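Modelling step: build the complete structure from the supplied sequences, incorporating the hints.
Chains as they are written, first to last, in the working numbering: chain Y, 1 to 510; chain X, 511 to 827.
Calculated from the structure, these hints are not laboratory results.
What you are looking at is a predicted structure, and each value in this text was computed from that prediction instead of being measured.
Wrong hints could be hidden among the right ones.
Under the rule of at most 16 Å between Cα atoms (straight-line distance), these lysine to aspartate or glutamate pairs were calculated in the EDC-like manner [said to hold, decoys possible]:
1) Y:Lys318 / Y:Asp459
2) Y:Lys84 / Y:Glu446
3) Y:Lys173 / X:Glu565
4) X:Lys594 / Y:Glu174
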Amino acid sequence: MSKFLLTSLLACAVLSGPALADKVITGAFDQGPGGAPQQFNPLTNTAGFTWLNKYYSTLVLYDVNFKKISGDLASSWTVADGGKKYTFVLRPNVKWHDGSLLTSKDVKFSIELANNPDSGSGFAAKFGNVTSVQTPSTRTVVITLSKPNAALLDALTNFMILPSAQLSKIPAKELRSSAWWRTNPIGTGPFMWSKYVPDQYVELKANPNYYKGKPKIDRLVNTYFKEQASAVLALKSGNIDFTYLSLDDTKTVQGSNATILSGPSQVVNYLGFNLSDPRFKDVRIRQAVMYAIDRATIVKQLYGGGAQLANCPVTNDKYEPKGLNAYAYDPAKAKSLLQAAKWDSSENVEIMTYYGDQLSKDVLVTIQQMLAQAGMKVTPRFVDVPTYNQVTGGNNFAMVYAGIGNGPDPDTLYPSMHSDFIPPNGTNRMKINIPALNKLFETGQETASQTKRIKIYQDMCMLANQQLPWDVLWTAKRFGGVSNKLINFVWTPAPAGGRYDDQAQLWDVK
Amino acid sequence: MGIYALRRILTSIPLLLVITALIFTLLQFTPGDPLDAYIPPDQVISVQQRQIIKEELGLDQPKAVQYVRWLGQALQGNLGFRIKNGEPVSREIARRLPPTLLLMGLGVTLGVAFGVLFGVIAAVKRYTTLDNVLTFLAFLGISTPAFLAGLLGLYVFTLKLGWFPAGGYQTPGDGSPLDILRHLLLPALILSITYVAVLMRYTRSSMLEVIFQDYVRTARAKGIGETKLISKHVLRNALIPVVTVIGANVANLIGGAVFLESIFSWPGTGQLYLDAIDSRDYPMIMGITLVLAAVILFANLITDLLYGLIDPRIRYS
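Written out as structure tokens, the structure reads:
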């Protein structure tokens, strides 16, 4: 009997052999601020693109340094009619995971679906001035705009092309939370959907027909962790190969079996003021807050150098003009500015934030002490995102500590700083209403010439530095931890994750 | 007993109704609604898009109408749809209930077994070093939050000793019963800690109350063996307060499981509950509350029925 058992066990082990021998990379790809765990609808997702572009593809894509946009599904494109007409030529013979051919119809369908209010897509705001999408041939797509939009290509780097044959059967309203996205979705990316176990993991398998070559690994697994600490532990114990790391995590991962990857977050942190509140209308108050905070010390002591001071909302070097006011730490000046602006020092102001990590708590407590020394009493208030959204959607708040994605294209700041987007119409939550700033964002979007655009955003940066619609503080680095057994693994932080060419088909395991 | 149980079940219905009404009312006071949770701070959504989603989720209706609608559907067995992905709430709960019951089941079993065992040992060896050590450990166990114990457990047994996987329910691509057991053992052991500690203290004091009673002395005088005396005469009589504690702690156990599920990435109702609260998913929150409240009421009923089995003198009327 025992012999029989032993033989059966051995047989099982041999049979399960090939499954164990295949090459697998397991990671917590949706961990951290760029992730969107278990959200699989690329039309409504606002993050998690790192994972989505493993099985969907976009027309165009940034390089890993976010310097240059090149074709992905599109092999080439031209811009005509003063920036109002974009013509994309698709790569030949790109196949969906079900074997059917990708055509220009799929691109047209995807853009029109995003623009249909029923689909609830955030891309509608970016494609709002698209008047028509034409498909003169199976490989040519012509997008016509009502007015030029120099940021269209940037928007398309995050826009996944979807299969019209499958999705056109589902009404747009039902599509928003349709089971299609999590049962057997098909894309054109390097990996194909294989298995989803809710709350646990998603498994993809290699796409043998991928247009850039079959991936070197057989399976790619995305595991979910509710707690960041658990994900870090899983990385350190070798259970997973990749996860996002916070600054504190990097200290514990150092020297283990993983390597730390880092890069600019493309997110600026700022103190925002409710500008509809008469107390903050006087620019001297906002200037005083800047002078009162010793940002250099905070960056050095709390961030351990893992952040860079920022003096305007854009932090890409090319958009920063010379002669910006650096608002160097000057508590005496802060005090006199507050007095000149008749700030009531007995008043206690709340600074609300959705950040709940230890570093942000330390930062806010430090700011609280520094502002108190200058004669401004503040109290930090830590809330979750729904609370933050509801409160800042109205007018009943004073200050916030928040972060915003400011790149790769500065146009991304448009809906958060232009007065047309004051809630409920958009995300200008601080109620900024500076006509000159509005104008700069409008011309920046409509200008096709790269040199002219740079000048426009430099002017925007200068204006924001003087008028301080936000008190911009710094831009921090973000980190990932990757197992030393991976080869060719590419990852860099990005707002919302993804939108860069990480060449996942070349990822391999030692 | 059957009639008693039926009566208890019937009286639970209005209680569940009150609980749902209370939770629904409290939810309305929570800042932010499902839409605020669904749309990130920097996501532009037009007024028209917002209205479409609102109507679709029924959030455009007055609050009272929303509750009555939910209740009407719930009575017909439809708990609504999860806002995050449109899945039926009942299916989402059903999918996560087995892992939770598995975790809680093993947690309780280990907790009761070790708790009663250590309690008996401490009572029999009262005021010895062993008793003092067990008492010290019990207080440590009672005062350590599940969250902390979970992280410590992961650090020691996973990272340092490598005995258990770092959370999860199964290894992707595996999922055999042995694989699940390997993932289950550590969280279940940690979940049982509070139980062991509390039960040990109760068993000990309850045993000490009984152990000095006249009938025990008489039994001993009649020459009955010590083991038989403790197990049959002392323990059985000492168990009634212990059973009460087991039943009363089910709610605590669920609370502990919520945190442990998060730390161990255990795909149960606890994790689903936290996620529902984070995303202000009203139907999901209501659905889980209803199920968990029913579980607690059911556990209390079982506790009451167990009294009769332990002590035949107890009659249900």
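Taking each numbered hint in turn, which are not upheld by the structure, reported in ascending numerical order?
none
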